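There are 2 protein chains.
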Amino acid sequence: MSATEAFVAGPRTTIAGSPTGPLAGLGFAVKDLIDIAGVPTHGGNPDWSRYAGIPSQHAWVVQTLLEAGASVVGKTITDEVSLGILGENVFDGTPLNPAAPDRVPGGSSSGSASAVAQGLCDFALGTDSGGSVRVPASFCGLYGIRPTHGRIDFSGITVQSPSADTCGWFARDAEMFARVGEVLLQGKLPTTLPTRLLIATDAWGFADPEVQDALLKLRHRLSSLIGHTEEVVMATPGLSVWQRAQRVLQSSESAKTFAPWLDACNPRMAYSVARNLTIGSMISEAERSAASLMRIEARARLAYLLPKGTILCLPTTPFPAPLKDLPISVLAPLRERISCLTSHGGLTGVPQVSIPGGLVGGAPVGLSIIAGRGCDLDLLAVAAKLARM
Amino acid sequence: MSATEAFVAGPRTTIAGSPTGPLAGLGFAVKDLIDIAGVPTHGGNPDWSRYAGIPSQHAWVVQTLLEAGASVVGKTITDEVSLGILGENVFDGTPLNPAAPDRVPGGSSSGSASAVAQGLCDFALGTDSGGSVRVPASFCGLYGIRPTHGRIDFSGITVQSPSADTCGWFARDAEMFARVGEVLLQGKLPTTLPTRLLIATDAWGFADPEVQDALLKLRHRLSSLIGHTEEVVMATPGLSVWQRAQRVLQSSESAKTFAPWLDACNPRMAYSVARNLTIGSMISEAERSAASLMRIEARARLAYLLPKGTILCLPTTPFPAPLKDLPISVLAPLRERISCLTSHGGLTGVPQVSIPGGLVGGAPVGLSIIAGRGCDLDLLAVAAKLARM
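Order-wise, the sequence lines are chains A and B.
If you're matching positions, the first sequence starts at 0 in numbering that gives the first Met the number 0 and goes up one per residue.
If you're matching positions, the second sequence starts at 0 in numbering that gives the first Met the number 0 and goes up one per residue.
You may find that some hints are simply not true.
As the list makes no split between identical chains, a pair holds if one copy fits it or if it spans any two.
As the list claims (entries may be wrong) - The calculated SDA-like cross-link candidates involving lysine to any residue, where the alpha carbons are at most 25 Å apart (straight line), are:
hint : residue 1 : residue 2
1    : K255      : I282
2    : K323      : A8
3    : K323      : A258
4    : K323      : G226
5    : K255      : D324
6    : K255      : S280
7    : K255      : I295
8    : K255      : P326
9    : K307      : A386
10   : K187      : G149
11   : K323      : P259
In case anyone wonders, no lab produced these hints; they're calculated from the structure.
All values derive from a computational prediction rather than experimental measurement.
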């Protein structure tokens with residue numbers, strides 16, 4: 000694989016967008032989990048498209064962006080069927096993280112983040128169920144959004160865990176990031192900003208001290224921008240407790256989603272992916288049921304903390320991107336730790352934007368802001384204003 | 000894959016044997032789990048040889064056969080790292096079962112059985128931990144042997160479950176089968192045959208009625224040959240109890256064997272193989288310990304039943320080869336049922352020979368004879384004499 004690779008192997012899929020529209024002239028990359036009519040969606044696995052069939056129409060997000068004037072410049076590498084947050088695919092390779100070439104790009108929207116970070120497109124589509132936009136945004140030094148769950152039409156996108164799946168995007172700068180948002184969220188950036196900022200002390204404490212230090216300057220700018228700032232504990236039962244609940248929900252849900260495929264096709268997979276699907280298939284109904292109750296509580300907690308006009312900030316990831324090619328036994332606990340800072344997304348459905356926040360040992364880390372459900376445009380407005388400060 | 004495929008892809012590995020010796024002029028195929036110096040041993044998985052490295056010398060069995068005059072004609076397809084008894088490899092394809100082309104060949108020594116059955120070589124080497132020679136012998140209508148555990152030097156062969164691994168071979172006729180045996184077992188066929196035949200009523204009852212019927216004629220010939228015949232229950236706690244014990248032992252052992260590879264390389268695998276390795280890694284020490292006690296009891300049971308001069312006969316498999324490309328959910332219970340008739344091998348280490356026994360719906364099934372540990376040559380002598388009756 001060449002050092003600039005971010006796109007899937009084979010002829011590059013390109014589609015010209017409408018000549019006019021708010022995004023006319025821009026080029027975007029599409030995670031190969033998102034349908035383009037007539038082109039197999041490989042989902043990062045050599046045996047997925049044979050099962051899924053050739054899509055007959057574009058995913059809603061692709062169609063909407065084409066109509067807005069943007070052009071498809073290619074489909075990008077993804078972790079297998081979106082199960083992964085590190086961005087190492089044993090079949091397609093590891094897309095380059097140009098900000099830290101010896102490190103993983105993050106996943107599962109690895110190729111989309113890589114393509115944007117390398118300047119191979121203006122923006123790129125990804126999906127985020129457990130952190131698959133937020134983590135690569137943090138690791139590659141990009142803007143990335145996980146929208147409110149259910150806000151953006153998911154039709155034509157490979158389902159993993161329906162109760163957590165979202166479609167988001169990456170950009171290198173806040174202005175481009177917001178322009179795409181106005182199209183996909185079908186609204187205008189608000190002119191008034193939130194007025195209350197919460198600092199999630201539990202989430203900050205969970206990050207490496209170097210990450211906290213690296214993000215502090217941006218956090219202070221954010222605090223100046225918003226004004227009233229206060230400290231809160233975000234996950235009252237504990238971030239690790241939320242993480243476990245969401246792992247139960249997402250693992251059992253994804254195991255259920257892919258069970259018919261696994262049974263019928265016995266696909267080739269990375270051992271680690273098959274292992275996680277196997278463990279997911281063994282989760283008991285009692286455990287799933289307990290996690291569902293915790294989800295109700297977590298949703299209520301964030302709804303209480305985040306009325307309209309309030310946002311919360313936290314580090315996107317507890318550390319910068321790990322090195323490439325580490326053994327499973329080293330990566331597994333890192334993955335678990337990362338998901339302690341991302342699980343609230345799938346668990347509660349709130350929107351989150353990751354902003355390039357600083358460098359640790361030369362590698363990027365992101366600062367995240369979250370808002371109440373439906374307040375996606377508020378987050379984009381904050382990010383845009385912060386960039387102009 | 001062409002319909003005659005049994006060998007691994009790429010240039011055919013050939014080595015001329017010694018010009019003289021008891022096997023001079025014969026050609027044999029080598030399961031790609033067995034080392035040939037300077038040639039990668041792929042073990043049926045695209046990421047195994049990278050980890051295992053290039054062997055610097057031939058496996059003992061290969062070296063011994065070459066010195067006896069036989070020549071290597073190629074390396075054959077195997078189930079991934081020998082984990083499978085059906086013979087479907089998602090990377091290399093399913094070798095042809097020429098006796099039943101719409102059915103699997105059996106595995107894991109699938110390509111070796113296929114090559115012999117197709118007449119592409121005179122005999123072929125396989126390995127048998129849980130049934131990997133006996134099952135393809137039954138399904139392809141061949142002679143096949145699982146020797147006494149520990150009798151044939153296993154050096155240079157990919158280890159799966161050391162307490163169960165053996166190296167065996169296939170041939171189309173009993174004479175060829177015995178000639179190879181005299182070389183690999185380093186002894187002469189005895190001139191006196193066993194004088195007591197046990198019919199394992201539990202094992203016969205476990206086979207489909209059609210299989211019992213198809214094997215009855217050969218069983219009667221065997222009974223005439225040996226003379227004194229009596230019925231016994233082979234597995235006093237039950238064949239299914241022995242199967243479960245051996246599954247625990249072999250699954251936990253193979254998971255332990257491959258753990259360092261899985262951790263370091265995160266290999267591409269069939270989902271089903273990765274799933275079984277994952278389940279194997281979760282077996283508790285208490286369960287393993289209970290199965291070890293059952294192994295002691297099973298060994299004592301067969302030692303009691305099979306003094307020198309006594310052999311026992313049973314169907315090799317409960318049914319003929321299943322159709323190709325069935326879903327995992329259909330194959331898994333079939334695999335479990337097959338292993339009820341094969342688990343005594345890994346559990347107790349006794350030698351077993353499968354003899355072409357008859358046809359069911361046009362597909363072959365084998366009749367097996369087993370003897371006490373070390374009595375391998377007695378079984379070959381019985382098979383040879385039976386063929387001349």
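The hints, checked one at a time:
1. K255 to I282: Both: 11 Å inside a copy, 23 Å across copies.
2. K323 to A8: within (20 Å within a copy, 31 Å between copies)
3. K323 to A258: between (30 Å within a copy, 20 Å between copies)
4. K323 to G226: Classified as neither: same-chain Cα gap 40 Å, cross-chain 68 Å, threshold 25 Å.
5. K255 to D324: Between. Shortest inter-copy distance 22 Å satisfies the 25 Å Cα cut-off; intra-copy 29 Å does not.
6. K255 to S280: Both: 7 Å inside a copy, 22 Å across copies.
7. K255 to I295: For K255 and I295, only the intra-copy Cα distance (21 Å) is at most 25 Å; the inter-copy one is 41 Å.
8. K255 to P326: between (27 Å within a copy, 16 Å between copies)
9. K307 to A386: within (22 Å within a copy, 87 Å between copies)
10. K187 to G149: Within one copy only: 19 Å inside a chain, 76 Å across chains, cut-off 25 Å.
11. K323 to P259: For K323 and P259, the Cα distance is within 25 Å only across copies (18 Å; inside one copy 32 Å).
The structure shown violates just one earlier hint, number 4.
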